[in-house]
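The opening residue of the first sequence carries number 0 in numbering that gives the first Met the number 0; numbering runs sequentially from there.
Among these hints, one or two may not hold up.
Derived DSS-like pairs (lysine-lysine); straight-line CA-CA distance at most 25 Å [to be verified]:
id, residue 1, residue 2
1, K382, K233
2, K295, K313
3, K452, K478
4, K233, K71
5, K295, K308
6, K37, K347
7, K456, K233
These are computed hints drawn from the structure, not numbers from a lab.
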Amino acid sequence: MAKEITGRDKDYAQWYNDLVLKGGLADYSAVRGCMVIKPHGFALWENMRDQLDRMFKETGHVNAYFPLFIPKSFLSREAAHVEGFAKECAVVTHYRLKNDPDGNGVIVDPDAKLEEELIVRPTSETIIWHSYKDWIKSYRDLPLLINQWANVVRWEMRTRLFLRTTEFLWQEGHTAHATAAEAIAETRQMLDIYAEFSERWMALPVIRGVKTESERFAGAVETYCIEALMQDGKALQAGTSHFLGQNFAKAFDVKFSDKENKLEYVWATSWGVSTRLVGALVMAHSDDEGLILPPKIAPVQVVIIPVYKGTDQKEAIDNRVHALVSQLKKAGVRVKYDDNDNNRPGWKFAEYELKGVPVRIAIGARDLENNVAEVARRDTRQKETLPLDNLDTAIISLLDNIQQAMFEKARAYRDSHITRVDDWAAFERVLDEKGGFVAAHWDGTPATEEAIKQKTKATIRCIPLDNPQEIGTCVFSGKPSRERVLFARAY
RNA sequence: CGGGAUGUAGCGCAGCCCGGUAGCGCACCACGUUCGGGACGUGGGGGUCGCAGGUUCGAAUCCUGUCAUCCCGACCA
């Protein structure tokens with residue numbers, strides 16, 4: 000009974016859902032638009048989180064925690080910010096239930112109405128800046144470099160596992176600086192950290208760029224982003240880093256005394272990535288056999304499966320495998336010996352492929368006689384027979400090899416799906432038939448951007464950093480343009 | 001919020017048209033044989049048929065209402 004995961008080309012949504020569900024990452028929950036992250040999915044997220052956390056700390060950031068609830072009045076302090084989030088907020092209006100007098104379970108107690116409603120945070124800028132006002136008095140208090148790992152809630156109309164859930168886990172960094180230049184440098188530094196994490200740890204190539212005005216974060220002066228490409232040709236925003244200027248400082252009255260004892264508003268940034276990255280990982284690397292996880296963040300990097308008849312053979316294999324396991328563990332490899340007797344080897348092979356374990360080692364009685372093992376890599380599904388002597392070092396280099404190969408494969412796909420286009424007919428044709436990013440000239444106006452979006456559902460994903468300047472004419476309006484921007488249909 | 005579909009055992013489904021007191025596969029439990037790509041035999045446990053009304057001697061099945069979920073749109077740093 001093979002659990003087939005097919006339809007990568009035809010029914011991509013179904014293919015993706017199957018991967019998440021059958022790969023054991025998450026499940027639908029009882030709450031609309033929310034999901035249960037299962038142990039395998041959470042272990043993956045933890046590995047990602049831990050590495051990001053290390054990178055944040057290496058660059059001088061510290062963690063803190065702010066409240067889940069935000070008084071409604073806080074949210075309205077920054078006009079653009081409330082405009083951007085008001086439509087998707089969950090609101091707490093009461094603080095008590097009581098038994099229904101008619102005997103139908105419990106009802107909301109109308110006497111327990113809150114004087115001021117509380118918003119379940121869709122993001123924490125407002126409540127954090129309310130604290131920063133008290134924390135920042137002098138240039139000596141700056142820069143303030145704080146990150147928070149938290150859950151947030153955005154009541155989106157339509158949700159997808161990991162990619163857009165009502166509640167999701169993320170980190171949000173919120174920093175305050177004495178100068179604009181320093182804040183911009185921080186914004187760029189965090190973008191680079193996200194890009195490095197994505198490429199080196201998730202094996203997911205990304206394009207660094209800046210958002211256009213219409214795609215900018217609510218309340219930001221400039222939004223930087225990393226954009227990734229999924230296997231169906233749609234783009235996915237994988238992380239953002241915002242230069243907030245003095246908008247929030249002014250809204251929350253956060254001033255500091257500089258060296259000349261002059262009062263100045265601070266300059267701010269915020270940046271975040273979420274469990275959406277898990278979805279990106281699934282969509283960028285998987286195949287019809289299941290998930291393919293990059294070794295550096297896979298919860299289990301190597302699984303060892305014994306093949307035996309009878310307890311004598313099992314014992315002989317156990318002895319040899321235990322030595323291998325301790326060698327690998329000593330080298331820091333996350334290894335699992337699955338000697339569970341309930342399932343047969345073929346079942347286990349298929350199961351670990353579904354779950355995306357990068358390397359599988361099978362050892363049978365026959366192998367033991369020949370002092371070898373069968374080693375299979377998940378990304379290419381190639382198998383080879385390797386000697387048991389020094390197998391640990393071979394495995395360690397194989398893991399590196401897989402990490403590299405996954406990145407190269409994804410990058411080759413991404414690079415072959417950036418298409419330069421100079422006329423409107425080609426623009427529409429490439430979007431429909433090939434997908435991916437379309438590099439085209441744009442006249443720089445929000446009106447043209449919106450018209451293109453209405454016509455094709457494609458949006459400007461970003462203006463790449465270090466974008467070459469090139470004289471041309473807008474693919475839509477024919478007006479003059481100085482550079483190409485990247486369009487794509489996106490999640 | 002519009003369009004489509006689905007709610008029956010932990011999961012996947014059949015039964016509904018034509019009403020007669022619930023079934024199949026997987027999973028689970030026991031025993032035995034198995035074990036190099038999702039094993040097999042025998043026996044067993046598990047279900048207020050989403051919920052609420054109605055019709056009927058009798059409703060998973062027919063009628064009305066309602067709720068939920070998924071897909072496609074609209075929406076979305």
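* Quick check: which numbered hints come out false for this structure? -> 1, 2, 4, 5
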